[in-house]
Amino acid sequence: MKNLIPYFTLGYPDNETLMKFLKVIPVNKINYLEFGFPSDNPRYDGPVIRETHKIGNKNFRDDLYDEFFSYFHKNGIKMYSLSYYSDIKPRFSEFIDYLQARNFSGIIIPDLIIDYYSEAKDTIDYLNKNGFEYIPFFSPATPDKIITGISELTDSWIYYGLQPSTGIDIPYELDYTTERINSLLPGREITYGFGIKTEEDIKSLMRNGGSGVAIGTYLEKMLEKDDENGFLEYIDKMRGVLDA
Amino acid sequence: MISSINKDIMPENWYNVVPDLPEPLAPPKDSKSEFSSINLLNKILPREILKQEFTFRRYEKIPDEVIEQYKQIGRPTPLIRAKNLEKFLNYNGKIFYKYEGATATGSHKINTAIPQAYYARNEGVNGVTTETGAGQWGSATALAASLYKLPAQIFMVRISFEQKPLRKTVMNLYNGNVVPSPSNLTEYGRRVLKEHPDTPGTLGIGISEAIEYALDHDYRYMVASVMNVALTHQSVIGQEAKKQLELLGEHADVLIGCVGGGSNFGGFTFPFIPDNPDTEIIATTADEVPKFSKGEYKYDLMDTAGVLPEMRMYSLGADFVPPTIYAGGLRYHGASPSLSLLINKGRIKSDEVTQAEVTEALRIFANTQGIIAAPESGHAIATMLKYVKEHKNDKKTIVVNVSGHGLLDMSIFGDKP
Numbered sequence: 008m009k010n011l012i013p014y015f016t017l018g019y020p021d022n023e024t025l026m027k028f029l030k031v032i033p034v035n036k037i038n039y040l041e042f043g044f045p046s047d048n049p050r051y052d053g054p055v056i057r058e059t060h061k062i063g064n065k066n067f068r069d070d071l072y073d074e075f076f077s078y079f080h081k082n083g084i085k086m087y088s089l090s091y092y093s094d095i096k097p098r099f100s101e102f103i104d105y106l107q108a109r110n111f112s113g114i115i116i117p118d119l120i121i122d123y124y125s126e127a128k129d130t131i132d133y134l135n136k137n138g139f140e141y142i143p144f145f146s147p148a149t150p151d152k153i154i155t156g157i158s159e160l161t162d163s164w165i166y167y168g169l170q171p172s173t174g175i176d177i178p179y180e181l182d183y184t185t186e187r188i189n190s191l192l193p194g195r196e197i198t199y200g201f202g203i204k205t206e207e208d209i210k211s212l213m214r215n216g217g218s219g220v221a222i223g224t225y226l227e228k229m230l231e232k233d234d235e236n237g238f239l240e241y242i243d244k245m246r247g248v249l250d251a
Numbered sequence: 011m012i013s014s015i016n017k018d019i020m021p022e023n024w025y026n027v028v029p030d031l032p033e034p035l036a037p038p039k040d041s042k043s044e045f046s047s048i049n050l051l052n053k054i055l056p057r058e059i060l061k062q063e064f065t066f067r068r069y070e071k072i073p074d075e076v077i078e079q080y081k082q083i084g085r086p087t088p089l090i091r092a093k094n095l096e097k098f099l100n101y102n103g104k105i106f107y108k109y110e111g112a113t114a115t116g117s118h119k120i121n122t123a124i125p126q127a128y129y130a131r132n133e134g135v136n137g138v139t140t141e142t143g144a145g146q147w148g149s150a151t152a153l154a155a156s157l158y159k160l161p162a163q164i165f166m167v168r169i170s171f172e173q174k175p176l177r178k179t180v181m182n183l184y185n186g187n188v189v190p191s192p193s194n195l196t197e198y199g200r201r202v203l204k205e206h207p208d209t210p211g212t213l214g215i216g217i218s219e220a221i222e223y224a225l226d227h228d229y230r231y232m233v234a235s236v237m238n239v240a241l242t243h244q245s246v247i248g249q250e251a252k253k254q255l256e257l258l259g260e261h262a263d264v265l266i267g268c269v270g271g272g273s274n275f276g277g278f279t280f281p282f283i284p285d286n287p288d289t290e291i292i293a294t295t296a297d298e299v300p301k302f303s304k305g306e307y308k309y310d311l312m313d314t315a316g317v318l319p320e321m322r323m324y325s326l327g328a329d330f331v332p333p334t335i336y337a338g339g340l341r342y343h344g345a346s347p348s349l350s351l352l353i354n355k356g357r358i359k360s361d362e363v364t365q366a367e368v369t370e371a372l373r374i375f376a377n378t379q380g381i382i383a384a385p386e387s388g389h390a391i392a393t394m395l396k397y398v399k400e401h402k403n404d405k406k407t408i409v410v411n412v413s414g415h416g417l418l419d420m421s422i423f424g425d426k427p
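Line by line, the protein sequences give chains A and B.
Going by my numbering, 110 is the number at position 103 of the first sequence; the sequence numbering is gapless.
Going by my numbering, 56 is the number at position 46 of the second sequence; the sequence numbering is gapless.
Read the hints as simulated data drawn from the structure, not as lab findings.
Treat the hints with caution; some may be incorrect.
[Said to hold, decoys possible] Computed Cβ-Cβ distance ranges for the label pairs, DEER-style:
| hint | chain 1 | residue 1 | chain 2 | residue 2 | range |
| --- | --- | --- | --- | --- | --- |
| 1 | B | 258 | A | 61 | 57 to 63 Å |
| 2 | A | 208 | B | 316 | 27 to 33 Å |
| 3 | B | 179 | A | 124 | 46 to 52 Å |
| 4 | B | 159 | A | 250 | 50 to 56 Å |
| 5 | B | 81 | A | 151 | 31 to 37 Å |
[What the hints assert, rightly or not] Below 25 Å or equal to it, Euclidean Cα-Cα: the simulated DSS-like pairs (lysine-lysine) are:
| hint | chain 1 | residue 1 | chain 2 | residue 2 |
| --- | --- | --- | --- | --- |
| 6 | B | 308 | A | 152 |
| 7 | B | 159 | B | 71 |
| 8 | B | 39 | A | 204 |
[Stated by the list, open to error] Some chain B residues flagged as far from chain A (calculated, every beta-carbon gap over 12 Å):
| hint | residue |
| --- | --- |
| 9 | 75 |
| 10 | 81 |
| 11 | 128 |
| 12 | 205 |
| 13 | 290 |
| 14 | 331 |
No residue lacks a Cβ here, since even glycine has one placed at the ideal position from N, Cα and C.
Take the sequences, apply the hints, and build the full model.
Right under this line is the structure:
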């Protein structure tokens, strides 16, 4: 079964709407959930997700989401945190403890190998030692040796961003992109994200060996419009595309 | 001399250094929170250029039509052993120079102008636009646009426009329309003129004007340097030089080039990086624009108006107004992200030279080799002279990229040639 990974920024667009959507997520149709912990400087995100961080920062309450984390965990949905290292670095171990206490399975850190490359190995070692998954985040700009080197440090799935940032539409060669990552990491579980919009994109990615997709910008727009029906239809449709 | 006598010297592919960098290249960052300046690139660059900017392909096929135009404008350019200079310096090693001044427009700039105009023509746009400092890029843009029958609107930094009137003549001859920047053609230019009527202009202002013009007129913006795609196109220089050295049975111990935005330097040196780990590589800048020693390695704006995305690079600040040095091409406040990363990681060293050192280097080079190099290239030659002095007995093979000729920049010599 291919992985469908919806993304939500905590606190966006407001806690009431967010929780309303979290309540209706069909847990039988998704595999993992990615929660963005609001960042002061989400620099590798596009304008839509940047805005969700800005608003999420104002609304975030760490006492509010625990029942949902617990619910998803009980239903077998693995949860991953999307956090910027620049935000969590000063209290890194404390933050990992916080996530583990809430049954998160791992963490995606988009700026770790870009801005803190010299600290990446120690950080990944720490996560491995604590039984917490580090999800390598790569993009087309990641050099070959970094992709293979970082991937060797963990057994987890890989998050591959197809665009320079979320919700951006820069032309790219899908087939060549998947061919490259497959040849560098043969047999590895690759989930694609950043700028995926169409069903055809998803079909091509899966046909080329992708193990799943993460959807963020598109869903956040539905939350902003409070479009619950559209959200459910979209999840249903994406599930169908992935299973086709 | 090894030049066009060997048809195999010209590469069939451009080389992109991104997959071979020691660390990931930081992605471009939106400069404003309310809209995506990265997405804006879709409107101002030809689609194929944008694809090449963000590609991770190590090699990109050069279209046959572009290869043919490369041949027409004088590629491959010669690699010449500077025996007279070696003798003059009493140097025990070898000095070679790759001479990009031998192209039709007299500099390396045409190497990326041709493919950019080619892809713009293929998209059926109204025309192309760009900024220019010393005028070398403007000349290349005007010629490339003319070859593909596209109108070209060129914003020339005002101080260079005044110092180098012949450049304007050249651009006009190639059917380019040239105005001093800041200009009255754009809202941004008018605003700068109102606030700073005596400004000498900067490349950052010129870029901002060209971007605005492209958006308003369905033109495409031609990328002179800084962005990776320009360095990739310029890799024809380094790939040719590698091949020429190979045919001569030589190995480059030291590579030296000058840096404005980094395109001639990256194009010359990057193809050597994957399989020449011991080759020393030195980037020279103007002492008056000390981006590597006094600049910060940080995200900064490429253009003054902040329309383009921010890039992580060595920068003196997008509002930096450099002194009015003759090497207009070196006045840019930043340097290409890939070059900046390689400098930051210590793979590439940097040097700075003064105008006096440059003038002296140009004189020596002209007197020994007969080539009157561009003031920008004079910086690389000056660093090479310093290097030879400091390594007199090392018997190294030094290769310098002379990125252009200086026949339209003679005022650097004042009244005493």
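Quick check on a hinted range of 46 to 52 Å for residue 179 (chain B) and residue 124 (chain A), using CB atoms only. holds, 49 Å
Residue 81 (chain B) remote from chain A - nearest C-beta pair above 12 Å: holds, 28 Å
Could you say whether the range 57 to 63 Å given as a hint is met by the Cβ separation of residue 258 (chain B) and residue 61 (chain A)? The hinted range 57 to 63 Å holds for residue 258 (chain B) and residue 61 (chain A), with Cβ atoms some 59 Å apart.
Could you see if the CB distance from residue 81 (chain B) to residue 151 (chain A) stays within 31 to 37 Å? Once the Cβ atoms are compared, 32 Å apart, the range 31 to 37 Å for residue 151 (chain A) and residue 81 (chain B) holds.
Does the no-contact call for residue 205 (chain B) survive, Cβ to all of chain A over 12 Å? holds, 29 Å
Just double-check residue 290 (chain B) for me: nearest Cβ-Cβ distance to chain A has to come out over 12 Å. holds, 22 Å
Is residue 159 (chain B) close enough to residue 71 (chain B), meaning Cα to Cα at most 25 Å? Holds. Residue 159 (chain B) to residue 71 (chain B) sits at ~24 Å (cutoff 25 Å).
If you draw a straight line from the CA of residue 39 (chain B) to the CA of residue 204 (chain A), is it 25 Å or shorter? Within the cut-off at roughly 21 Å; holds.
Taking the Cβ atom of residue 159 (chain B) and the Cβ atom of residue 250 (chain A), is their distance within the range 50 to 56 Å? For residue 250 (chain A) against residue 159 (chain B), whose Cβ atoms are near 52 Å apart, the range 50 to 56 Å holds.
Report holds if the minimum CB distance from residue 128 (chain B) to chain A is greater than 12 Å, and violated otherwise. About 17 Å separates residue 128 (chain B) from the closest Cβ of chain A, which puts it past 12 Å; holds.
So does residue 208 (chain A) sit 27 to 33 Å from residue 316 (chain B), Cβ to Cβ? holds, 31 Å
Beyond 12 Å from each Cβ of chain A, as asserted for residue 331 (chain B): holds, 27 Å
In summary, this structure violates none of the numbered hints.
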